[in-house]
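A.B. asks: Listed below are the residues making up each chain.
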Amino acid sequence: MYQKIVTKGSTDYCYLKIRLDFGKDHDAIIDALNFKQLILSAAKDVFGIAVSCSLIDVLRYEKSSRTAVIRIYHKYLTKLWSSLTMYGNINGAPCAFRILQVSSHLMALANNSRSMKLHMVYDG
Amino acid sequence: MKRVVPTGKLIFERTSFLNENEKHLQCILTHSFNSSIGVFLPEHDCVPRILGDMMDDQMSYYVEQVPLNLLTETDFIKGFVQAGSLCMISYGTCIDSDDCVAVTPEGMLVMSLCKDTYQRCGLDGHLSKAGKNIEKFVVKVDLKSDKFYPGTKYYDRVQWCLSQMANFDFLVTWIPNDGKVCPSSIQNFFKTKSIQCNRLKVNKTNHEFKNFNIPIIDPAVIETDSEQKSCNYDEVFEWLGACAVGIDDYEGDDYLSTYSCPTPNKQASYCIYTQYEGIIHPSIVKQYINYLRQFMKDKKLPWSSVTVHGFVDSPLSWIYDHGFHNNGDNIYTFLMFPNDEYWLYRAIGGQDICP
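Same order as they appear, the protein sequences are chains A and B.
Read in my numbering, the first sequence has 76 at position 76, and its numbers run on one by one without any break.
Read in my numbering, the second sequence has 188 at position 188, and its numbers run on one by one without any break.
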């Protein structure tokens, strides 16, 4: 009994971990609903209603760090990524979306060794 | 429509621990550089303490500014590379833009070098096979080779070349072959060479789920049929990922998220996901999986899963060259069932070679 399946082509979904940063001297409290609204308006500004109507799921949102894990269709990855990059202003406050991680497996976003913080034990 | 370049590949295997030809040990032991281990237990409220104890017993260190020629010195090779199982990976270096260095438990020094460093260093290597049009070169030196000792031309050449290269910061863990030797000997070794070496603490993350829907999985059925008696293998992997990132429960709010547990599912009163982060030796993963197989049978759990994330900047994913293009995924997940069958998922970056 042995079965093997290899998926090499494009997968249906793509997952992104993104963070919203504000410029110096600016801050705002953004909840999950606002966050999704911002992503939609970013997509709509650049590519119009068709892209903003595609699937954008906010799977997890952390209010304190304004970090979210979102799920989108793989074919819209480039469009959504570029529209998030170009978004830079909320009601006059300069801001930027940071794309922290991109993967076609949601499991990959559970850990990021590039941003791993080391906790050291100093023993004299 | 133009074909979209994949951002990742998934290799799924279904087999049993009782199968003579199965290769779960090979999968675990050749995946040398692990940055986290995560365990998901359905219908259970805590992860057995043994994993925490094993992580505490394993000593891992952060060593600063190590000259590379130190790794090829006889003291180091005889004392650590040959006398135990050593995992070393450079820290703070990105595989797509910097030079990365690692030592595998098999005693192989692997360096993934940028073009200019490679041309300057003067050692023989090959163009990295992870991705096209990337100018990264892989140099491998077998530290355990019979012909690698002082006095030979090759040894002296390697020693000289490495001494010309920059110093690196490393994450290190070492398990000695001899049980009487303390794993902290490696810390003393670096200290005697006046190199800063501090012990690392592992980070622990917990996600608890109460009254939570879990998918019904039949180990023999990997793809949903028309009767829908069990879940599809890819939906299960996505769901395990959702639990690992700690998905928010929006209670049927379709505006924020349309994601839901795959069907068919059932409610479990309690589930837990625990993840440890640090540099984790492959033998710890092996021991833990063996322990969990018995634990699952004793506690009558429907299944259990162990996920290991490799370092995204590791020069190797399993035995092949590794690169970073959008992501540097090299992950594996064992989904184990009480009848000794298991599903193995291996996720790698889009440009990497399938193991």
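None of these hints come from the bench; they were simulated from the model.
Certain hints may be false.
Some but not every residue of chain B turned toward chain A, in silico, with C-beta under 10 Å [said to hold, decoys possible]:
#1 Gly38
#2 Phe212
#3 Gly241
#4 Ala242
#5 Asp298
#6 Phe311
Just so we're clear, the structure is a prediction, and the values are computed from it rather than from any experiment.
Positions of the beta carbon are idealized from the N, C-alpha and C atoms, including for glycine.
A.B. asks: Hint by hint, say whether it matches the structure.
C.D. replies: Cross-check of the supplied hints:
Interface restraint check for Gly38(B): the shortest CB-CB distance to chain A comes to about 6 Å, inside 10 Å, so the restraint holds. Nearest Cβ of chain A to the Cβ of Phe212(B): about 15 Å, over the 10 Å cut. The hint is violated. A cut of 10 Å between beta carbons decides the hint on Gly241(B): the least distance to chain A is about 3 Å, and the hint holds. With 10 Å as the threshold, the beta carbon of Ala242(B) comes within range of chain A, its nearest partner Cβ sitting at about 6 Å, so the hint holds.
Contact between Asp298(B) and chain A, as hinted, is not supported at the beta carbon level, the nearest pair being about 25 Å apart and thus beyond 10 Å. Given the 10 Å rule on beta carbons, the hint for Phe311(B) holds: about 5 Å separates it from the nearest Cβ of chain A.
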